[in-house]
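Make a model of the complete structure from these sequences and hints.
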Amino acid sequence: MLSVILAALAMGVGTILSCAALCVPLVMPYAATADRPGFLSGAAPGLAFSTGRLVSYVVLMLALFFLKSTIQENFLTIAIVNVTSGLVAILSGLFILGAFKRYPAFNKHYCLMFNGTRSPFVLGLLAGITPCAPLFAALAFIMTLDSLFTMSLFMICFWLASTLLIIALSSMGGVLASLLSRRVGLERVRRIASIAIIVIGLVLLIRGLSGFQV
Amino acid sequence: MLSRFRSKILALLLTLPVAGFALWWYSHPLPWFGVLMALISGSFTFLIINAKRKMSLQRPLFIGLFGVFLGTILSVVYVDNNTAAFLDWAHRHTIAYYRIGETVRSTVFPCTLTLSQVFLGRAANYFPSTGSWLVSFPSSLHAFLLILIPFTVTTLLFGRSICGWICPFGGLPEAMVTGNKTRWSLNFLKKKSVVEDKKEIEGLQDWVKDVKYGVLLASLLLAVSLAFPAVCLLCPVFWLSSLPVFWVIIGLMVVFALILPFMTKKRWWCQICPLGALFAMIDKISIFRVHMDKKKCDRCMDCVYECRMYALTPEGLDKDLKPDEDCIRCGRCIEVCPEKAADLYFFNTSVKARNIFISLTMVAILAWYTWFIFILLGKFG
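Residue numbers (our numbering), protein chains in the order written: chain A, 31 to 244; chain B, 494 to 874.
What the hints contain is simulated information worked out from the structure, not anything from laboratory work.
Where a beta carbon is used, it is the ideal one built from N, C-alpha and C, also for glycine.
Errors might be hidden in some of the hints.
Claimed, not checked - Simulated DEER-style distance windows between Cβ atoms:
no.	chain 1	residue 1	chain 2	residue 2	range
1	B	Leu736	A	Leu190	38 to 44 Å
2	B	Leu736	A	Phe69	55 to 61 Å
3	A	Phe69	B	Leu503	44 to 50 Å
4	A	Gly68	B	Leu870	22 to 28 Å
5	A	Leu92	B	Phe681	16 to 22 Å
6	A	Arg66	B	Leu870	34 to 40 Å
7	A	Gly68	B	Gly672	46 to 52 Å
8	A	Arg66	B	Leu503	53 to 59 Å
9	B	Asp581	A	Val43	50 to 56 Å
10	A	Tyr133	B	Val844	52 to 58 Å
11	A	Val43	B	Leu580	38 to 44 Å
12	B	Leu745	A	Asp65	29 to 35 Å
13	A	Lys131	B	Leu509	55 to 61 Å
14	A	Leu190	B	Leu580	42 to 48 Å
See the structure below:
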């Protein structure tokens, strides 16, 4: 059991060098859009993103357990997920920026969908279903485990280890935003962070659309 | 008569260092080229310092610098290579193309990371062979320092005025700002202020001003997370190496550097440029500052209308008689002011610095454009 936990933690830490680093730019600006940016409010989007990833991991794990098949990289899936993530990021950035204030009905209805930690959660869900190299390795590893309990334990340990960096950097983003807001004002920090979210969303969208050509 | 003579002597004194620098900088490997550059840069500096309306010479110079930039790209793509061969090279081009410590003879663009190496190399009498570049690719730390040191010195000295005088791309939106008529008002991007005689002044909304900072934040986060040198964003080879990136950049250029400047008479590219955001952030410690004389300013708002960067606002004038951090020291406000209330000063003192600023800018242009000028010389010389 200990060897499973250690392997999961080692593989989880391994994600810090690859996929977690790709997730961080998506999460960090959200940390700066809180009403009162700081360490804890900064950690919230990181946690929401990671929770979204966990849900995806569980779904993937159950699929593997019941279907008894391996997962292969699929360019079309990655492209669709990139496009969807891009759209979610762009829309949530626009909502935080207040671009839809002129349309109260639309704003009230959809604001709930994209506000707070919902967008990072959805982005986490999407990131979780586009496995990176360490996750592929982890999924291959759990195929060798016999019980659902051991598989779950492995995935939770893997998730915990891979989440540390995201939450730490997300909290750091919150602290930086708090320091910056004292100098330039909270509203301006939120504005700049939301524009950054839109730009990152556009980059994801372009990556996704170019992926369709592959 | 005496004052005219004095101003000529002053112009000459400020011209000599520019010509001397050009002679020293460009005389290797071709002494005649050094003399030619000294004559061209010296006479231009003399003329611009002496001119009553400096803008009439600054604008063609700035547009000409874009011509040099564009000419370099086109000559690299078409002269030595055909387009297909160049695109093929660009597609295969990676950072691994250059190995650390290895000296390569590049017949196409040298990597952007080596740009400052060329810059510092000139100062140490290093010269690239004309026709192709001898580039020794530095380690990551060295590359970082090579980029950082000259970049920091220039930025600290000039702040955001780099965007108004030195930027190789700024000439395109500047060239597009033509005619007397504002064709589009773009009211949804603007906030209105009413001043004393009920004149309506339109400034940009705060969020539009912050777009460049958002782009900068996103660029830095993506660069760090993808282990991608942010400086590569400036590299034409990078633009061409990926077709989607190429079309996005072309699209942005068409909208923000061609259409919007032509329709609104303002420089919109500078409102989204992440490098401009970086310069704006450091601008506060630049030694050259524009401000207005409180006694002379009659709040006619001509400078606010004329500013192509939306850097001057009635609120800003009320507050501290200064433009905001987007001021590119183009000097348009200085020349349009009927009361001669605006000028360029050293820090916040009353020591006027416009002529010294122009002289120093010419030196910076001569230094930073080495890269383009030697490529052109290599191709056509």
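Hint check:
Range check, B/Leu736 to A/Leu190: Cβ separation about 40 Å, and the 38 to 44 Å hint holds. Distance hint check for B/Leu736 and A/Phe69: the Cβ-Cβ separation is about 43 Å, which falls outside the suggested range of 55 to 61 Å. A hinted range of 44 to 50 Å for the beta carbons of A/Phe69 and B/Leu503 is inconsistent with their spacing of about 57 Å. As the Cβ distance of A/Gly68 to B/Leu870 is approximately 56 Å, the hint placing it in 22 to 28 Å is violated.
Separation of A/Leu92 from B/Phe681 is about 49 Å and departs from the stated range, judged on CB atoms against 16 to 22 Å. For A/Arg66 paired with B/Leu870, a C-beta distance near 58 Å fails the hint of 34 to 40 Å. The hinted range of 46 to 52 Å is satisfied by A/Gly68 and B/Gly672, whose Cβ atoms lie roughly 51 Å apart. Judged by the Cβ atoms, the range 53 to 59 Å given for A/Arg66 and B/Leu503 holds: they are separated by roughly 56 Å.
Take B/Asp581 and A/Val43: their Cβ atoms lie about 40 Å apart, and the range 50 to 56 Å is violated. Take A/Tyr133 and B/Val844: their Cβ atoms lie about 53 Å apart, and the range 52 to 58 Å holds. At about 41 Å, the CB distance of A/Val43 to B/Leu580 agrees with the hint of 38 to 44 Å. The hinted range of 29 to 35 Å is satisfied by B/Leu745 and A/Asp65, whose Cβ atoms lie roughly 33 Å apart.
At about 59 Å, the CB distance of A/Lys131 to B/Leu509 agrees with the hint of 55 to 61 Å. Between A/Leu190 and B/Leu580 the CB atoms are about 46 Å apart, so this pair conforms to the stated range of 42 to 48 Å.
Of the hints listed earlier, those the structure fails to meet are numbers 2, 3, 4, 5, 6, 9, in rising order.
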